[in-house]
Amino acid sequence: MKTIISLLTLFLFGSPVLAQDAAPAGFWSDPLNDPLLPFYLVIAFVFVVALLVVIVAIYMLQVLNVFIRKAEEEKAVQAGKVYVPEPGAWTKFWNWINGYRPIEKESEILLDHNYDGIKELDNHLPPWWTWLFYGTIAWGAVYLVVYHITDSLPLMDEEYQHEVSIAQEQKAKLLASQPALAIDENNLVYEQDDQIIKNGRQVYVVNCASCHMPDGQGNIGPNLTDDYWLHGGSVTDIYKVIKNGVQEKGMIPWGPVLSPQQIRDVTFYIKSIKGSNPPNPKAPQGELYKEEVVPSTSEGASM
Amino acid sequence: MELDKFSYDNKIVKAFIIATVIFGLVGMLVGLTIALQLVWPVFNFEFQYTTFGRIRPLHTNAVIFAFVGNAMFAGVYYSMQRLLKTRMFSDTLSWIHFWGWQLIILSAAITLPLGITTSKEYAELEWPIDIAITLIWVVFGWNMIGTILNRREKHMYVAIWFYIATFVTVAVLHLVNSFEMPVSLFKSYSWYAGVQDALVQWWYGHNAVAFFLTTPYLGMMYYFLPKAANRPVYSYRLSIIHFWSLIFIYIWAGPHHLLYSTLPDWAQSLGTVFSIMLIAPSWGGMLNGLMTLRGAWDRVREDVVLKFMVVAVTAYGMATLEGPLLSLKNVNAIAHFTDWIVAHVHIGGLGWNGFLIFGMLYWLVPRMWNTKIWSNKLANFHFWIGTLGIIFYALPMYISGVTQSLMWKEFNPEGFLVYKNFLETTVQILPMHMLRAFGGFLYLTGAIVMTYNLVKTAYAGSFIANEATEAAPLVKTESSGGGWHHWLESKPVLFSALALVAILIGGIVEMVPTFLIKSNVPTISSVKPYTPLELHGRDIYIREGCVSCHSQLVRPFRSEVERYDPLGGEYSKSGEYVYDHPFLWGSKRTGPDLHRLGGKYSDSWHYNHMLAPDAVSSGTIMPAYPWLFEQVIDKTTTAKKIKALRTIGVPYEEDYESRANDDLDMQARRMAENLQLEGIEVEPDAEIIALIAYLQRLGKDIKASRSAENNLTTGNQ
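Residue numbers (the numbering used here), protein chains in the order written: chain E, 548 to 850; chain Y, 4 to 720.
Fair warning: there could be bad hints in the mix.
As the list claims (entries may be wrong) - Below 25 Å or equal to it, Euclidean Cα-Cα: the simulated DSS-like pairs (lysine-lysine) are:
#  : chain 1 : residue 1 : chain 2 : residue 2
1  : Y       : Lys576    : Y       : Lys531
2  : Y       : Lys479    : E       : Lys666
3  : Y       : Lys459    : Y       : Lys375
4  : Y       : Lys412    : Y       : Lys423
5  : Y       : Lys706    : E       : Lys796
6  : Y       : Lys8      : E       : Lys666
7  : E       : Lys720    : Y       : Lys412
8  : E       : Lys837    : E       : Lys818
9  : Y       : Lys157    : Y       : Lys494
10 : Y       : Lys423    : E       : Lys818
11 : Y       : Lys412    : E       : Lys718
12 : E       : Lys837    : E       : Lys821
13 : E       : Lys796    : Y       : Lys703
14 : E       : Lys745    : E       : Lys818
15 : E       : Lys720    : Y       : Lys423
16 : Y       : Lys423    : Y       : Lys576
17 : E       : Lys745    : Y       : Lys423
18 : Y       : Lys423    : E       : Lys796
I should point out that these hints are in silico values taken from the structure, not numbers from a laboratory. This one's a predicted model, so the numbers in the text were calculated from it and none came from an experiment.
Chain E extracted, bound-state conformation (with noise of 0.2 Å):
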C-alpha cells in the first residue's frame, strides 16, 4: 500500500515529496460557516457567467459565419465560379508558418524525379524550421563567445568552486545563528534521551548496520553492544571514532558526511543498545571497558 501511494505521488510531483501532513485548518474545514464564503461564491459566480458569455459570443460568431458563407456561395453561384471558404485565421497561420502551397497547385512544383514511383516536390524550406536553424547556430556561436572567448561564464571548475563557497558561506551562517548546533565530543554527556536515542536508530539503520548489523551485533565491524571495545567505550570515545573513523580497520570517518548531532544521536543509540544482547553476536573485541565517572578531557582538540 506503500508503495503505491508513494507511486502515485510520484506520478503527481515527480519527486519523492510525501504527501504533506494535515493540512492548516482553513477554508474546507467548515466552508459553510467561513465569512468569505459569499465573497467566494460572487467570485465562482462571475467566472461562470463569464465563461458562458465566451462560449456564447463563440457560438454566434459561428452561426454568423455560416450566414455570411451562405451569402458568398449564393453570389458565387450567381456569378458562376465555384466558391471557396475563405481558411481560418488557425489554417493561415499554420499555412504561412510551413511555407505552404495550396494543395491543388502542387503539379505546378512537382519535379520530374520518379524513384521506383516516388516522387518529388520542391517545396520550399518551412519558413520557421529556416528560422530555428538560423537561430541556433547563432546561439551557438554566442555560447562558444562567452565561455571561451569574453570568459564571461563559468566553466566547470569556476562553477564548482562557486557551489562550494555558497555551501560553506550558508553554513557559517547557520552555525552563527544556532550556536547551540556546535556539538563536539569535549562536551558530550550521554543522556537517556528517547527523542536522541530514536533518531540515533534511524542514522544507524541506514549508515551503520552494513557492518554492525541492524542490532549492534557486529559482522564486519564489531559488536556494539558488548563490554568491549577497540577504541574505548565512552561517549566521547565511541563519538570520535565514528567521527574520524579508523581507516586501517575500515571505519568509515562520519565526521564530513553526518552532522554533528546525528553523531551525537547515533552514539548515544549505541550507548542505549549495550548488554541488549542481539542474536549472532560477534566474539568480543578489544578491552574490557567499565563506565567511568570522569570524562576523559586530556584529548586535544583533533581535525
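Got chain E sorted already, so can you dock chain Y onto it with the hints?
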C-alpha cells in the same frame, strides 16, 4: 529503346527479415530479463552467464546490431534495387554479407555472456570479432557501391545518399574506435587511455546512434513512407539541406556524453553547441516525413503501416529534440547517469527504430508474398499495445531519473546530504522499474503478435523470390539541368568522397588537439600503473560488466564530491586516468560511483558484500558474485598483459613481466592474511582477492598526492 529485363532479389531481403524478427524477439526478451533484474536480482537465476553486467551488453548488441541491423539490411537491399533499377551487384556478396553478419551476432551471443568484452559501450565485442565486422562491412559496401555503379537510374534518390553516408561513416567509426592491443585471442586493451579513450568512445557511441540507428532509417523512411502513403516527397530542397547539415553536424556532438567530465572544457562546449545546432537538421527529416503525408492524413486512420510510421517519425522528432536539450549543461547535470537517459534512448529505439521496422515489415511481407496482411485487427492490436508499451516504459523512467537525481543532490540546511546512503535513492525508484518492466512486456507482446501475423501472412501467400521487372539501360547523357546538386546525384564516387569529408571534419577538430596538446590532460605525478594483482582485478571488473551500473567519474558538483570523496573533497581529474586502458567512466549509476572507493571500506566489507550484497546492504539490487570466490586468477596471462600495456604506453619497467607474478603473489598473500585476521579464510589466488585489490586501489593515488602535499606543508611549519 530496348528495355533490359532483369529481376529483383527478394530472397536476400526475406533472409534479413527472418533474422530481424528472430533477433528482435531475442533482444527484447533479454531486455525484459534485465529490466526485471533491476527490481528482483534473482532473475539472473544466480548464474554467472546471466548476471546483469554480462547480459546488459547482450541486450544492447542484440537490439542494435541484430534487430535494427538486420532490418536495416532488409530495407536497404529491398529499396536500393528498386531505386537504382538493378539487381544487387552480386548475389554471392549478398549472401556472404548475410551469413557473415549472423555469425558475428552468434559470436556476440556466445562471448558476451562469457564475459569476453572490451567494456566500451556498443563496441563490446573483442578484437577478432571486430575484424570480422570490418570484413563484412566491406562486403556490404562493395556490394552497395557495385549496385550503385550498375544502376539504370541516372540520379541517386535521397534514400541512397543516406545509405552511402551510413556505409562510409560506420566504417570510419568502427576502425578508429576499435584500435586495441591484443593480449590473447579473447582479450585486448584499448589503444587509448582515460580521457582520450572516453572521447573516442563517445564520438563512436554517439555516431553509432547517428549512422547506424538514424541515417539508414531516414533513408528507409524516404522509401517506405512515400510508397505506403502514395504521396510525393514534400520537399527535395529540404532533403538536400537536412542531409548535408545532418551528417556534418552530427559527428561533432559526441562530447555531450562527457559533460562535466574531465574532458577539456572547449571540447565539451563544442559538443553542446553542435548538439543544439542539430535540432533543425534532425527535424528536417521528421518534417519531410510528416509533410509528405499532407493530403493523406485521412488514410493514416485506416492504414496500420502509416500509423506505425507516423509514430516512428514523431518519436524521432521527440528524441532528436530531447537529445540536444539533454546536451545543455544544466539539464545534463540532472539527467546524466540516471534513468532519464534510459528513457531517452528507448524513445528512439522503441519508437523510431522499432516502429519504423514494424511499419516496414507490415508493408513488405504482404508484397513479397503477393498477398494481403493476414489480420489487420492483430496489426492494429500490435500498434496499440506497442504504443502503450512505449508510454509505460518511458514515463516511469523519466520520473525515476529526475527523482533519483534530485535525491542525490539534496542537502539539508546544515550542509549535509539528506540521502547519505546511495541505497535509499535506489529503493525509492524500484516501483518505477517495475512499471518499466511492464512497459517492456507490453512491447514484447506486440512483437510476438506481429511475428504470428507475419508468419500467417507468408503462409497465405506465395513468395516471389525473384521479382521480374524491366527498365531502360542507362545511357550517358549530358546533365539535363536541375542544379548542381542534381548533377552531384549522378556522381556516386564524388558524392561518397564529399560525404566522407563532411563527417571527418568534426572528429578531427575534436580529437587531434586532445591527443597532441599536453595541457589537455594534466598529469599527476603520484598516479602510478596498476600492480599485477590490481590489473587482474580490473580485468575481472571489466569481465563482470561492473561498468554497466557503476561510474568512475566524480563530477564537479558539491553533491558528488560530498558523497564520493567527503574526506579529500576533490572531483575526478583527467590525470587520474592516464593508465586506464580502457576508461571505465560508465554512463549509468544504478549503483554508486566507485572512483574514490579505495580505502573507504575494509577488505572484509568487500568480501562479504561481493558474496552476499543483500546481507551487507539490505534491500540492494546488486547481484551476488559467488563464482569469484571459487575461480582462480589466471596468472599465465600476467606477463602478456604487462607487455601489451607497456607497448601502448604504460610505464612498466623493462622486463617487469618476469617478476610480475611474484609481486602478484605477495600482494595477494598479504591480503589473504589480513582477511584471516578478520576471520575470513580465502585462497590468495581466488579472483575475489584481485577484485578487492583493484577496488581498494581506486582513488588511492590522488589521495597519496594529497597526503604528500599535507606532509610538505606540515614539514615547512
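Results of checking the hints against the structure:
Restraint check for lysine 576 of chain Y and lysine 531 of chain Y: satisfied, since their Cα atoms lie roughly 14 Å apart, inside the 25 Å limit. Of the pairs offered as hints, the one joining lysine 479 of chain Y and lysine 666 of chain E holds, with about 23 Å between alpha carbons and a cut-off of 25 Å not exceeded. Only pairs whose Cα atoms come within 25 Å are accepted, and lysine 459 of chain Y paired with lysine 375 of chain Y is accepted, the gap being roughly 10 Å. Restraint check for lysine 412 of chain Y and lysine 423 of chain Y: the C-alpha separation of about 10 Å stays at or below 25 Å, so the hint holds.
In summary, the hint linking lysine 706 of chain Y to lysine 796 of chain E is supported, as the alpha carbons are separated by about 17 Å, within the 25 Å threshold. For the suggested pair lysine 8 of chain Y and lysine 666 of chain E, the alpha carbons sit about 23 Å apart, so the restraint of at most 25 Å is met. A C-alpha spacing of about 21 Å is found between lysine 720 of chain E and lysine 412 of chain Y, which places the hinted pair at or below 25 Å, so the restraint holds. Distance restraint check for lysine 837 of chain E and lysine 818 of chain E: the Cα-Cα separation of roughly 13 Å lies within the 25 Å cut-off, and the hinted pair is therefore satisfied.
Taking the CA atoms of lysine 157 of chain Y and lysine 494 of chain Y, the gap is near 9 Å; set against the 25 Å cutoff, the hint holds. At roughly 23 Å between alpha-carbon atoms, lysine 423 of chain Y and lysine 818 of chain E fall within 25 Å of each other, so this suggested pair holds. For the proposed pair lysine 412 of chain Y and lysine 718 of chain E, the alpha carbon gap of about 17 Å is at most 25 Å, so the pair holds. Taking the CA atoms of lysine 837 of chain E and lysine 821 of chain E, the gap is about 12 Å. The hint holds against a cut of 25 Å.
With a CA separation close to 16 Å, the supplied pair lysine 796 of chain E and lysine 703 of chain Y stays within the 25 Å bound. Between lysine 745 of chain E and lysine 818 of chain E the alpha-carbon distance is near 12 Å, which keeps this suggested pair within the 25 Å criterion. With a CA separation close to 23 Å, the supplied pair lysine 720 of chain E and lysine 423 of chain Y stays within the 25 Å bound. A hinted pair counts as satisfied when its Cα atoms are at most 25 Å apart, and lysine 423 of chain Y with lysine 576 of chain Y qualifies at roughly 23 Å.
Between the alpha carbons of lysine 745 of chain E and lysine 423 of chain Y the distance comes to roughly 18 Å, so the proposed pair stays at or under 25 Å and holds. Distance restraint check for lysine 423 of chain Y and lysine 796 of chain E: the Cα-Cα separation of roughly 21 Å lies within the 25 Å cut-off, and the hinted pair is therefore satisfied.
Consistency note: the structure conflicts with none of the earlier hints.
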